[in-house]
Amino acid sequence: MALNPMEQFEVKPVSWAQHPLFHIGHSPIYFTNQALWMIVVFVSLSLFLTLAVSKGRVVPTRMQSLAELSYEFVGGMIDMTSGPAGFRFFPLIFTIFMFILFCNGFGLLPIAFTVTSQIAITFFLTAVVILTAIVTGFVKHGFGFLKLFVIKAPVVIMVPMVLLEFISFCARPISLSMRLFANMLAGHTMLKVMAGFVISLGAAGGAYTLLAAAPEALIVGLTALEFLVAFLQAYVFAILSCIYLSEALHLHDNH
Amino acid sequence: MLADAPNATAGTAAEHKSGGFPPFDTATYPSQLFWLVVIFVALLAVMWKVAVPKIGGVIAERKGRIQTELAKAEESRKQAEHAAAAYQAPILEARERARAASEQTRTQMQQEFERAKQSADTETQRKTTEAQERIAALQRQAKWHVTQAAEDAVVEIVNRLTGETVSRDEATAAVRDVLKA
Chain A
1 MALNPMEQFE VKPVSWAQHP LFHIGHSPIY FTNQALWMIV VFVSLSLFLT
51 LAVSKGRVVP TRMQSLAELS YEFVGGMIDM TSGPAGFRFF PLIFTIFMFI
101 LFCNGFGLLP IAFTVTSQIA ITFFLTAVVI LTAIVTGFVK HGFGFLKLFV
151 IKAPVVIMVP MVLLEFISFC ARPISLSMRL FANMLAGHTM LKVMAGFVIS
201 LGAAGGAYTL LAAAPEALIV GLTALEFLVA FLQAYVFAIL SCIYLSEALH
251 LHDNH
Chain B
1 MLADAPNATA GTAAEHKSGG FPPFDTATYP SQLFWLVVIF VALLAVMWKV
51 AVPKIGGVIA ERKGRIQTEL AKAEESRKQA EHAAAAYQAP ILEARERARA
101 ASEQTRTQMQ QEFERAKQSA DTETQRKTTE AQERIAALQR QAKWHVTQAA
151 EDAVVEIVNR LTGETVSRDE ATAAVRDVLK A
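Here the protein sequences line up with chains A and B, keeping their order. The first sequence: position 142 = 142 (my numbering), numbered continuously. The second sequence: position 73 = 73 (my numbering), numbered continuously.
Everything hinted at is true.
Reference listing, derived: stretches of chain A covered by chain B, where coverage requires no fewer than 3 residues with Cβ under 8 angstroms from a Cβ of chain B:
id: 1; stretch: 6-20
id: 2; stretch: 27-38
id: 3; stretch: 41-47
id: 4; stretch: 51-58
id: 5; stretch: 92-106
id: 6; stretch: 115-127
Note that these hints are calculated values from the structure, not bench results. All C-beta atoms in this analysis are idealised placements derived from N, C-alpha and C, irrespective of residue type, glycine included.
Assemble the whole structure, with the sequences as input and the hints as a guide.
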């Protein structure tokens, strides 16, 4: 049996739809395992966040409490980073946070595909945030938005600082997308490697079979850690998005 | 695009199975991005138009409800305080009235007592004076009788001893002399 820990990250057509659905330009579009799990995320999120509150109970059920908790959690993030003005981005941040959270969460199911372990996905989400920030900045401040790169200091310091600020701004999309992608990739790879050890040791027989308990125990611990990472990375992505959007709204000084 | 084979039955990733790093397999990007755009836009629409207003509405409604209930509770508390005050007022008033009444009665009784004592004192004084006057009168009378008896005795004694008859006036003078001595 091939125990390639990278195999789990392969985006491939589902077994019952091997042919491309259609082409965009010359690119074939398949119905992939990733698409399937994105749909699972979409459906469960939509049902969860609409059905749980459909009755609008004053005394909430558990599900409604969870939905309200998510809402107020994201609200708290926006309020903390950019104040009341930031609430125009609420639907966007809320969608990104819940989408990443659910993708990460479903990715922890043993059979599931982890949508956020793909750089294409995380980079697209990052692009949405950064482009929203840039468009907001220029719409709100015009070319004054470029003051984002200027720091009040003597010219000798200011010139290299502008350069540094510009580099840091350009590095944002990379760091934001890489952080989520690498975290999910590393966690799942580690779990798969440990699982491979369990299988190899178990198959070796004799005393090795007993040794298999060690990586098995490690998997249990790592899985718990991965639950934390799944939430934490969704939170980090959302709060950094909030900070970038807040900068576009308020620039440096009046925040 | 690498995967632009009309009949890629093994899937896009299958062509890169030999040692490729799956997330960097650009052949899968069109499928990835297509589904991501479709699903993300759909999700954004559902959140923006349905879920967010709904959840926000529920939370706002609850906050409003709590505020209203709190205001109502405050109103009720004020009413209760008013009612308690209204209940206490007549009691205090009645107590005050009772105190005033008892005070008045006490004063009245005191006055009556004083008056009675005064009249009793006056009466006693009068009676004492009367009695003293009567005693004095009786004393004078007794004295007079004794003098008369002494005078009679003088007249009788002189008559027996000397056989002379002494006039009443002489006897009187003699007795007066003796009494003066």
